[in-house]
Amino acid sequence: MDTTVADSVALRRPCAVRSRLRFGVLGQVRYTIGVATALIAAAAFAATFADFGTFENAANVLSLFGPLAVLSVGQMIVVLVRGFDLSVGAVFALATVITAEAMNTAGLVGLAAAPLVGIVFGLLNGVLVSYFRVQPVIATLGSLLLARGAALLAAPNGQAVILGGDAQMVLLNLQLANIAGVPVTAIFTLIVFLVVAFVLYATAFGRRLFMVGGDPRSAALVGVRVHAVTVAAYTLCGFCAGLTAILILMRTGMGLPTEGVGMEVQSLAGAVIGGSQLSGGYANPFGVFFAALFIQTTQSGLNFSGISPYAAEMVMGCSILLAGLLDRVSQRIFRTA
Amino acid sequence: MKMADLPGSHLLRRLPVSIWGLVVIVALVALFLPGFARIGNITNVLRVGAILALASYGQTIVLISGGIDFSIGSSVALCSVVTALAVQQLPLGLALTAGFASIIGVGAINGLLIAYLKLSPFLVTLGMLLLVHGFAAIVAGGLPVEVPDREGIHTLSGSDLLGVPYPVIIAGLAAGALYLLLERTTLGRSWFLIGSNLAAAAATGIRLRRNIFLAYVLAAVFVGVAGLILTSRVAAGEPNLYPTLPFETMAACAVGGIPLTGGRGSALNAVIGVIVIAVLNNAIVLLNFPAYAQLSLLGIIMVGAVIAQGMPSWTRPSRIRSL
Amino acid sequence: MTSASNVGPDPRSSDAAVIATRQPQAATNEVLLEARAVVKEYGSTKALQGANLVLRAGRIHALMGENGAGKSTLVQILVGAAVPTSGVIAMQGRPVSFDGVSEALAAGVVPIYQQSSLFPNLTVLENLFAFETAASHGVAGHKSARRRRSAKQMLNRIGLAVLLDQPVASLSLGEKQLLEIARGLGRDCKLLVLDEPTAALSQADTNRLFAALRQLASAGVGILYISHKTNEIAQIADEITVLRDGVCVISGAPLKSTSMQTIVSAMVGHAFNVGEKNLPVVRAPVLALVGAALRIGDPEVSITVRASEILGIAGLAGSGAEEIGAMLAGALACSRGVLSVNGRPVGRSGDRATAVAAGIGYVPADRSVDGLFPGHDALRNASASVLDHLTKFGLLSRSAESIRLSAALTNVSLTPNQPRRLIDEFSGGNQQKVLLARNLAVADIKALVLVEPTRGVDVGARDIIHDRILMAAAEGLAVVLVSTDLEELTSLSHRVAIIRDRRLTTELPRLSSPAAVAGAMLGENQ
Amino acid sequence: MLCKALKYAALAAGALCLSLPAAQAADVTVGFSVPSLSTAFWTSAAYGVEKEAEKAGVKLVKVDAGNDNNVSQQIGQIQDLMQRHVNVLIIGAANDDALKPIAERAIASGIPVIGFSTPPNTDKLASYIGADHYDMGRLQAECMGKALGGKGKVAMMSFITGQIWADLRAKGFKETLAKEFPDIAIVAENRLATTRAESITVAEDWVQRFPDLAGIYTTVDDMAGGVVPALKAAKKSVVVTTSNLSPSTQKMVHDGDLPCSSIQKIVEQGRNALQQAVLAARKEPTAKAVLLPALMVTKDNIDTIDLSSVSAPADYRP
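Residue numbers (this note's numbering), protein chains in the order written: chain L, 12 to 348; chain P, -12 to 310; chain D, 2 to 527; chain V, 6 to 323.
These are computed hints drawn from the structure, not numbers from a lab. Remember, predicted model here, so these are calculated numbers, not experimental data. Hints are supplied without guarantee of correctness; some may be wrong.
Within a straight-line C-alpha distance of at most 20 Å, the following computed SDA-like cross-link-like pairs (lysine to any residue) qualify [to be verified]:
| id | chain 1 | residue 1 | chain 2 | residue 2 |
| --- | --- | --- | --- | --- |
| 1 | D | Lys393 | P | Leu174 |
| 2 | D | Lys191 | D | Ala108 |
| 3 | D | Lys191 | D | Asp100 |
| 4 | P | Lys105 | D | Asp352 |
| 5 | V | Lys241 | P | Gly22 |
| 6 | V | Lys237 | P | Thr30 |
| 7 | V | Lys241 | P | Thr142 |
| 8 | V | Lys237 | P | Ser146 |
| 9 | D | Lys191 | D | Arg215 |
| 10 | D | Lys257 | D | Arg215 |
| 11 | V | Lys176 | L | Gly169 |
| 12 | V | Lys151 | V | Lys304 |
| 13 | V | Lys241 | P | Thr30 |
| 14 | V | Lys56 | V | Pro318 |
| 15 | P | Lys105 | D | Val370 |
| 16 | V | Lys179 | L | Asn168 |
| 17 | V | Lys129 | L | Met180 |
| 18 | V | Lys241 | P | Ile29 |
| 19 | P | Lys105 | L | Arg343 |
| 20 | V | Lys241 | P | Tyr153 |
| 21 | D | Lys257 | D | Phe211 |
| 22 | D | Lys393 | P | Leu167 |
| 23 | V | Lys237 | P | Leu148 |
| 24 | D | Lys447 | D | Pro281 |
| 25 | D | Lys393 | P | Ala164 |
| 26 | V | Lys240 | P | Thr142 |
| 27 | V | Lys240 | P | His141 |
| 28 | V | Lys304 | V | Ala152 |
| 29 | V | Lys240 | P | Arg25 |
| 30 | V | Lys237 | P | Gly139 |
Construct the complete structure from the given sequences, taking the supplied hints into account.
The following block contains the structure:
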């Protein structure tokens, strides 16, 4: 009864096109939520406020959404490997303080301190979560408190560290500069996203991130060094927090130890609205890019209307709940094969 | 009656070994730090600790049933705002019940979304953190909403019975109530089973949705009591009343040896965790460390305690040998 | 998950050529891999105490043993997933120590795991090249046409018709196992290690696997084949090694000259007779499922089970047998149909709470997924279904729980009988006994549904579970036994219902032979 | 993947500039940016600005950064107000140096900026309305000195760092104490507490650490509102001095729980700020600075003060 391989294939009917449709398109719907919400918010505010719908305001929103976007893409990488990072807000605050001090002593080259601080805390989180098997909530909560305390200690008796003359001028000009109408900070953010997209989709390391997120046990069984990949994911997230510090320095011109309160929650909202699934395995930088744009558009729109910022906070809360619902619905779509 | 059959014995058996390390440290601090053992200082530590303890009891219930709750910081703030607004028309008693009811309301909404809509507890409570805080801030508006002193608002948090502040007594009674709820009721036992293995709990016929919903509501009861004490202490409606409360309760539970993955934990764990954190915070103040160092030290202690607890499990393979 | 951008051919990925053109690396019968006196200890427990194994090129070597005998530990050591405490592993004469799976892969040792080591969020193509991605650095060009072509060949080889860009989450259990096998076979390897590969396969797929394995053996590849199914071993293997309690009781004996009886008694350590059991007399109908269909469009199924009757349900993986068992237990909501006990319909379908109230016990298929509570002791695992009856004045009384449940645990002869020990520290067989005790402890239990009650259970515990099932039936319980262990099914059931493509096709009378049941399960003449 | 990304970007950018740029609004729109509307000071200030805006018939848009730490948030909000083409900006800076660049950018783009109480640290402001915070500190020192009879230990809650007005007030207090009451020693200073709850905790700790503590300096009356009842409940007789006069503080002065409060006419400042803003918007000359004197309020002279110019009514919601 030794059926040859060839004719056995004929027996089995090829999968219907329907299932390709289901997974080709539906698999991607989670990533388009970010774009959809951004468009809806932009259209709604443009309709109510004449000045909101101008190209000039688009540039304004683009110049403001950078920090949140870069933090969110960092958070996305960690959520991809089934973790998350509560310390991003405190880490970038510490990074602004240390970088401001470094730039005041060593000039522009001090800017390199920002990503360094981010990488140090990213490594700490990664090692705690992988090798010491500490749950992400506790590990990153610990480093949140550590970074917040360190930021206040690093700043001379808790005071803000003001950037010296020339360093501030350079950063300030960068903040205001734009190329063909598009603010430099937005271009900086887009470059970060393109690099992350390249790492995720085109490199073996990126594929390993998806593997560890999809099923860590299987990843180990096929020879992926799961601990190393987890540490790298947290380090990348810390690196993004460091980059955010540069953007904030450009905007405020000083290292403020108390900056970034609540940014960890907003960055998580950005990641989740951008299509990431908390159970890991799913990530799309462009979904997150537009989710961050949606959050900033909403905040700017509400600033236009002058109603209290707490309305923006409530909208953010609602969008996290909405993202939770979509997370559940898309899980259900996948399970029914 | 073997040791194993003593009523509390299974609780003691389940405490990770690292707890005793922490208890020793606390004892050392108590003995050698000048000014620590003074009655005034002890009551002060316990009074602040009591509020954290009550909120931690709520977090313990949620953690045991396999969930997590970030929204308690905002719900205690909402309680203070609702109480402060209600007291202008209603007598203090009714106003406080309105505040308490608002916390139960937040707990019920969490329960509904998590139990019946099956959403992730992490996302729901984070969303509620922002929603409730925003709502409280808008409703409170500008001027701090005062609770006039004539109503005796301060008795709940300020005065004491035979030298022991009311909040400490309430926290003690609540610890007993939590023990009974967790260890001696079928609802409490179902939380352990749900937290340990949700699918298995379903197969044994445990009413998942109802019990998970009740977990968030009963957790809100404990947080509600903490909210009332905080409101009486501050005597005003403050949208930013205690924003770090959720993180501190998680730190207390973690230091106390309650795993965040669910299925294990007890009132004793929570109490020990809270005492350790309250004492070490106080030590920092007494040693005149700059207040900022308190933040960093709390972070280091918390992670250190969790790593210490992780240690023994490295040798015993916890995975079920199903092969 | 979108597939990667097209970044040109990948210079480094190893080219998975079609099997037929591979040159034999080693002359047949030459020793490929040898394990000598391998010891492995986990803390205090000794998983392996001096096991030795000789694997030759071109020969299919079977490895059998009860659970907890050290089989999977030995396999993990061979494929580099674990490091032995002592002992030597030699590859073609040279001693080697694999530090991690990738080193074993490089040496040509390719594993095919039983618990599928696939990635639900990645596509079929990405899963097929998971090994390469784990090891390679820099740009991974898995979009390259050459990889897609060799991926198609891997799939055709095993006859798996799925789309390369389809996420693995959407595949069925059988398709996942086939994908796992396709990936293993596609690798350029000297030694192939298969761990229970046919657990979820249909007979047709199993035949195709065996054809591929024979082809590989003839091309000089050594094969280590681990399985519980004695009939498969007899069909495919050349020689056999049996492990018991970490020691090789039979090592490398040619299968031709070794009878099944000696193999099984070597595994169990005492004579094992597949005698026929005397079954209780059948009485009035108790459990009835009428006109039930899981999903809209599924054919309707109606089953009634009488008191003291044991109804066997047999069906291949994916045939719907396990789902029907779950519907009978009230654990799975059916879109149509009514479940009733003694004529009274059970409330909302799919709600186990109402089913337990109606007296239906349920031992689910996979104990670690929906059976046990890790981190809790055996007593609490056993008392889960009867908590409401253990209260005094409304409070859960610990003494009532320990008295009543300790009795239930001794009843199923839990060994060692220490109810306070954590469930994690018990063997698979004892864990299954605890699940059984949990259901039998329900006061007014009227029916008991068991799905694969003895899967991955040692033969000793298997006997005890069978006896307890018979005793329960004798006491008047209506028992439903869903199993792929045909010996168990035929020896215990009054009648065996055959399920194929979600339809109740035929019903075989008592004491039909396992072969007859197997044939019925497959349907046409295959 | 890359081609898909560019498609997304083009799509979104196009949508953002759907409608045509709006016509220039005829009347004056005033943008008012503050660090946090949930403090008594800024609420009373907003009340003054709002009342004056109604009187002057100009449109007012208020934005609130959420709390004193949200510097980057406030900068973003001011950028949004500039996009909204407000005719003039009144700014109370969360941090004076951080707000300097954005303020100067607004002025350069033709939007005059009025500094309110904590102005951006730039000399290009159209006008500055504030109070003499150093003087308010001095008055608190005098009141504390008299109440303690010239000797004893005092602790200071001097608000968070980076707030010029708080630093000035603390400096006024310290220097006056040193000059006029040398025997009063400052034993502790806290730069973290701002809200009522935080100040209660700090007060309770101090009372434990310094059993013989005689006086506590609080920068704003929100803090005093928390500290006074807490000390009363703990049966500690400690003299508390503060600044500003929200409704609850007025009652405490009446009941004698607070010996005094150095105040500034906040509502008055709000009115002046709006008036200067309208002048600046219409390119008319404005006063470089409008400094309102600090006043000492004690039990006996509280009834003579025109409270409507000092604090917003209790039920006002910004």
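Decide if the proposed pair is consistent with the structure: V/Lys241 and P/Thr142, CA atoms, cutoff 20 Å inclusive.
-> 16 Å, holds
Take the C-alpha atoms of V/Lys241 and P/Thr30, compute the straight-line distance between them, and say whether it is at most 20 Å.
-> 15 Å, holds
Compare the distance between the alpha carbons of V/Lys304 and V/Ala152 with 20 Å, and conclude whether the hinted pair is satisfied.
-> Holds, because 13 Å separates the two Cα atoms, which is no more than 20 Å.
Hey, D/Lys191 versus D/Arg215, does the alpha-carbon distance stay inside 20 Å?
-> It holds: about 14 Å lies between the C-alpha atoms, which stays within 20 Å.
Taking only the CA atoms, is the gap from D/Lys257 to D/Phe211 under or equal to 20 Å?
-> 18 Å, holds
Distance restraint between V/Lys241 and P/Gly22, which requires alpha-carbon spacing of 20 Å or less | 18 Å, holds
Is the hinted pair V/Lys240 and P/His141 satisfied, with a Cα-Cα distance of at most 20 Å?
-> Measuring from Cα to Cα gives roughly 12 Å; hence the hint holds.
Take the C-alpha atoms of V/Lys237 and P/Thr30, compute the straight-line distance between them, and say whether it is at most 20 Å.
-> Given that 20 Å is the threshold and the Cα spacing comes to 16 Å, the pair holds.
Given the hint that V/Lys56 pairs with V/Pro318, test it: the Cα-Cα distance must not exceed 20 Å.
-> Holds. V/Lys56 to V/Pro318 sits at ~12 Å (cutoff 20 Å).
Hint consistency between D/Lys447 and D/Pro281 [alpha-carbon to alpha-carbon, up to 20 Å] = The given pair, whose Cα atoms are some 15 Å apart, holds under the 20 Å limit.
Is V/Lys237 close enough to P/Leu148, meaning Cα to Cα at most 20 Å?
-> Given that 20 Å is the threshold and the Cα spacing comes to 17 Å, the pair holds.
Assess, step by step, whether the Cα of D/Lys191 is no farther than 20 Å from the Cα of D/Asp100, and give holds or violated.
-> 18 Å, holds
Every hint from the earlier list agrees with this structure, and none is contradicted.
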